[in-house]
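Enquirer: If you want the building blocks of each chain, they are given just below.
Number of protein chains: 2
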Amino acid sequence: MFHVSYFMLHNSELRKDIVSGDWIVISPQRAKRPHDLIRKPQKRKKAPIKGCPFEDPQKTTHGEPILAYPNKKNWQVQIVQNKYPVFVPWKNSNVGVHVCASAFQKGPYWVVDGRGYHDLVITRDHYKNFAHLSKHQAVMVLKIMQDRYKMFLNDSCLAYTSIFHNWGPKAGASIYHPHYQIITLPVVPPDVQHSLKGSAQYFQRYKKCVHCVMIDWEKKSRSRIIYENKGAIVFIPFVSREPFELRIFPKKHSSFFEDATKENLKWVVDALQKVLILIEKRLNDIDYNFFIHTSPLRNKNKYYHYHWHIEVLPKISVSAGFELGTGIEITVIDPDVAAKILK
Amino acid sequence: MFHVSYFMLHNSELRKDIVSGDWIVISPQRAKRPHDLIRKPQKRKKAPIKGCPFEDPQKTTHGEPILAYPNKKNWQVQIVQNKYPVFVPWKNSNVGVHVCASAFQKGPYWVVDGRGYHDLVITRDHYKNFAHLSKHQAVMVLKIMQDRYKMFLNDSCLAYTSIFHNWGPKAGASIYHPHYQIITLPVVPPDVQHSLKGSAQYFQRYKKCVHCVMIDWEKKSRSRIIYENKGAIVFIPFVSREPFELRIFPKKHSSFFEDATKENLKWVVDALQKVLILIEKRLNDIDYNFFIHTSPLRNKNKYYHYHWHIEVLPKISVSAGFELGTGIEITVIDPDVAAKILK
Numbered sequence: 001m002f003h004v005s006y007f008m009l010h011n012s013e014l015r016k017d018i019v020s021g022d023w024i025v026i027s028p029q030r031a032k033r034p035h036d037l038i039r040k041p042q043k044r045k046k047a048p049i050k051g052c053p054f055e056d057p058q059k060t061t062h063g064e065p066i067l068a069y070p071n072k073k074n075w076q077v078q079i080v081q082n083k084y085p086v087f088v089p090w091k092n093s094n095v096g097v098h099v100c101a102s103a104f105q106k107g108p109y110w111v112v113d114g115r116g117y118h119d120l121v122i123t124r125d126h127y128k129n130f131a132h133l134s135k136h137q138a139v140m141v142l143k144i145m146q147d148r149y150k151m152f153l154n155d156s157c158l159a160y161t162s163i164f165h166n167w168g169p170k171a172g173a174s175i176y177h178p179h180y181q182i183i184t185l186p187v188v189p190p191d192v193q194h195s196l197k198g199s200a201q202y203f204q205r206y207k208k209c210v211h212c213v214m215i216d217w218e219k220k221s222r223s224r225i226i227y228e229n230k231g232a233i234v235f236i237p238f239v240s241r242e243p244f245e246l247r248i249f250p251k252k253h254s255s256f257f258e259d260a261t262k263e264n265l266k267w268v269v270d271a272l273q274k275v276l277i278l279i280e281k282r283l284n285d286i287d288y289n290f291f292i293h294t295s296p297l298r299n300k301n302k303y304y305h306y307h308w309h310i311e312v313l314p315k316i317s318v319s320a321g322f323e324l325g326t327g328i329e330i331t332v333i334d335p336d337v338a339a340k341i342l343k
Numbered sequence: 001m002f003h004v005s006y007f008m009l010h011n012s013e014l015r016k017d018i019v020s021g022d023w024i025v026i027s028p029q030r031a032k033r034p035h036d037l038i039r040k041p042q043k044r045k046k047a048p049i050k051g052c053p054f055e056d057p058q059k060t061t062h063g064e065p066i067l068a069y070p071n072k073k074n075w076q077v078q079i080v081q082n083k084y085p086v087f088v089p090w091k092n093s094n095v096g097v098h099v100c101a102s103a104f105q106k107g108p109y110w111v112v113d114g115r116g117y118h119d120l121v122i123t124r125d126h127y128k129n130f131a132h133l134s135k136h137q138a139v140m141v142l143k144i145m146q147d148r149y150k151m152f153l154n155d156s157c158l159a160y161t162s163i164f165h166n167w168g169p170k171a172g173a174s175i176y177h178p179h180y181q182i183i184t185l186p187v188v189p190p191d192v193q194h195s196l197k198g199s200a201q202y203f204q205r206y207k208k209c210v211h212c213v214m215i216d217w218e219k220k221s222r223s224r225i226i227y228e229n230k231g232a233i234v235f236i237p238f239v240s241r242e243p244f245e246l247r248i249f250p251k252k253h254s255s256f257f258e259d260a261t262k263e264n265l266k267w268v269v270d271a272l273q274k275v276l277i278l279i280e281k282r283l284n285d286i287d288y289n290f291f292i293h294t295s296p297l298r299n300k301n302k303y304y305h306y307h308w309h310i311e312v313l314p315k316i317s318v319s320a321g322f323e324l325g326t327g328i329e330i331t332v333i334d335p336d337v338a339a340k341i342l343k
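Just so you know, the protein sequences line up as chains X and H, in that order. First residue of the first sequence: 1, per the numbering used here; consecutive thereafter. First residue of the second sequence: 1, per the numbering used here; consecutive thereafter.
Simulated from the structure, these hints should not be mistaken for lab results. Only a predicted model underlies this, so the values are computations on that prediction, with no experimental measurement involved. Hints may contain errors.
[As the list claims (entries may be wrong)] Pulled from the structure, derived: some chain X residues nowhere near chain H, Cβ distances all over 12 Å:
#1 Gln29
#2 Thr60
#3 His62
#4 Lys135
#5 Lys150
#6 Met151
#7 Ser162
#8 Ile183
#9 Gly231
#10 Leu278
#11 Lys281
[As the list claims (entries may be wrong)] With a cut-off of at most 25 Å between alpha-carbon atoms, the simulated PhoX-like pairs for lysine-lysine come out as follows:
#12 H:Lys197 - H:Lys150
#13 H:Lys73 - H:Lys143
#14 X:Lys197 - H:Lys197
#15 H:Lys197 - X:Lys16
#16 H:Lys40 - X:Lys170
#17 H:Lys219 - H:Lys251
#18 H:Lys128 - H:Lys274
#19 H:Lys207 - X:Lys106
#20 H:Lys281 - H:Lys300
#21 X:Lys343 - X:Lys128
#22 X:Lys340 - H:Lys106
#23 X:Lys106 - H:Lys46
#24 X:Lys170 - X:Lys343
#25 X:Lys343 - H:Lys106
#26 X:Lys274 - X:Lys128
#27 H:Lys262 - H:Lys274
#28 X:Lys46 - H:Lys16
#29 X:Lys106 - H:Lys219
#30 X:Lys207 - X:Lys262
#31 H:Lys46 - X:Lys170
#32 H:Lys106 - X:Lys208
#33 X:Lys16 - X:Lys262
#34 H:Lys340 - X:Lys106
#35 H:Lys170 - X:Lys40
#36 H:Lys274 - X:Lys45
#37 H:Lys208 - H:Lys230
#38 X:Lys230 - X:Lys72
#39 H:Lys50 - X:Lys106
#40 H:Lys170 - H:Lys281
C-beta: ideal position from N, C-alpha, C; glycine also.
All chains, please: the whole structure from these sequences, using the hints.
Expert: Written as structure tokens, this is what we have:
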């Protein structure tokens, strides 16, 4: 007779991410009882509707919506400019003619003016986060993100668009009402550059998409797959930065989030909602972030090797001195065990 | 008449770290009133001496000390093995003969067994953190770290030693009693590799240590220097990942922490204690991490261009979807303003 734990990792392992090339440590002996890591059941603090700045964004000085679906009056989802933007366009133009940010020197340093866009995507219902939207509404959220994304595609000043969601204060959300953010920058971010390079090198060497190889291997090993439907697959990666980290891939290879068909978005939404509900149930409604990883805005033909996907990171661990000093994350639950707990 | 704020940054800037090459964003408009970011005065939760596992580490199954100063009986500081080590040596040998960890493949991934060392440095006084040790004791702490570090130097299985301190639960400390950690790994961590490469490239191009250039420029601009003595300088870097991030450099160029003379350590300790007290007073005793950045253990002659130093990171912000998805940190206080608040 074997115990379940017989198959589990007993000592720690350094595992190398095949996309970014980064090392992470899986160190299960740091958490003797994985269940202890999961927070105790707590009631999520809901802010009241009264005083919520996102109930009626036009009334609370957010200005006209940039996009609103199905229409401005009966909006289910709308995009407005963030009131405290990280980046602002030169002339406050709504993707139009403006001067590009340019790099200049301050002493020995290179600096680029923070020019770009910082949008908020707001869904109408104060209490329903992404997991609880109707399928139709959830697809509408991804669709409006795609449409906004496409507005940036031909602006040669812009390099990358990052789309993300912070759910709960521990994940960095300062306002309760469900909202998503779209930040568009004049440079390609280092982590993205890193992964694009790794993915390109893998393709050059093996003539295969590195993400497709990961998906194939996860399907063969089966121990870390959380959910699968016709068009999408979710697993806890073998190389996890965080316990219960999840990646959702469209099964069909595609480098560009903005090109996903409505059919494809439906499969991805189905998978994303499923795992967010699992996090709510199995991890006692813990806060989390999710974000879209896709190719840069310009030179699209360069990134055929990349495979767009969504990453979900439940807020479990704290980055401490070792992580901050080395850039190596220590993950204290074996991804195989995490998958068993989550499923 | 000028307002102080006249000189401050109004919009955001992308700033490139000249050592690592990474971009960060300084986005002061995200925090209209910098003082709001500082937590309200709270009493630090002190764990009682009774039941503290570090009061008498030998009694609480930590085993014989690896090093104890001034001696085992009257120890002021001692090093023991961590009870929940991230890395363990093959034969539990105390730096001696053992088999090196080797890389092997699991599916498409490269894996290295987590072999190495994970030590705890414990100071005797339950209530005195590094800031409040006597100068003599504080120097003893760095000295014992140096001596332990030297034990790893000639072991060809080991690549890098990370020395760090987590102060307070938000910075990842699970035990109140002040302690420090020394983790020794079989690979050079990615962030370190990154900075070594950047520092080497800078040296090749300009025939100068990039850190010495940073120090010179900070001295000229003066607006971010927090403290300076004969042998050490502390400033908030122009490219800060976190509000109130601090770097302490020995003024004399040296690539290796372990080579610092006692005289040098005294200057560094004086500076480190000064800024930790400033954090306690001006930032209402917020939790923080500090860590030593130094050259790898092997091939010492390759790293003449590097300049060892200590980084201090007060735990102020949460990494949210943007940071996690892009690797770009958003710092919401202009480093010049942060310096004014902290000094």
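Enquirer: Between the alpha carbons of X:Lys16 and X:Lys262, is the straight-line distance 25 Å or under?
Expert: 34 Å, violated
Enquirer: Against chain H, does X:Gly231 hold up as non-interface, every C-beta pair farther apart than 12 Å?
Expert: Per Cβ check, X:Gly231 is outside 12 Å of chain H; nearest 23 Å; holds.
Enquirer: When you check the alpha-carbon spacing of X:Lys340 and H:Lys106, does it fall within 25 Å?
Expert: Measuring from Cα to Cα gives roughly 20 Å; hence the hint holds.
Enquirer: Below or equal to 25 Å on CA atoms is what counts here, so check H:Lys274 against X:Lys45.
Expert: Measuring from Cα to Cα gives roughly 39 Å; hence the hint is violated.
Enquirer: Is the nearest CB of chain H more than 12 Å from the CB of X:Met151?
Expert: It holds; X:Met151 is separated from chain H by about 19 Å at its closest Cβ, greater than 12 Å.
Enquirer: Checking one constraint from the list: CA of X:Lys343 to CA of H:Lys106, max 25 Å. Satisfied?
Expert: It holds: about 23 Å lies between the C-alpha atoms, which stays within 25 Å.
Enquirer: Taking 25 Å as the top limit, are the C-alpha atoms of H:Lys128 and H:Lys274 close enough?
Expert: Status holds; Cα separation ~15 Å.
Enquirer: Find the nearest Cβ of chain H to the Cβ of X:Leu278 and say whether that gap is larger than 12 Å.
Expert: 19 Å, holds
Enquirer: Is H:Lys340 close enough to X:Lys106, meaning Cα to Cα at most 25 Å?
Expert: With Cα atoms ~20 Å apart, H:Lys340 and X:Lys106 stay inside 25 Å; holds.
Enquirer: Compare the distance between the alpha carbons of H:Lys219 and H:Lys251 with 25 Å, and conclude whether the hinted pair is satisfied.
Expert: Holds. H:Lys219 to H:Lys251 sits at ~11 Å (cutoff 25 Å).
Enquirer: Mind checking the alpha carbons of H:Lys170 and H:Lys281 for me, to see if they're no more than 25 Å apart?
Expert: Judged against 25 Å, a Cα distance of about 18 Å means the pair holds.
Enquirer: Does X:Lys170 pair with X:Lys343 here, judged by a C-alpha cut-off of 25 Å?
Expert: With a Cα-Cα distance of about 24 Å, the restraint between X:Lys170 and X:Lys343 holds, given a limit of 25 Å.
Checked against the numbered hints given earlier, the structure breaks hints 1, 7, 8, 20, 23, 28, 30, 33, 36, 38 and 39 and satisfies all the rest.
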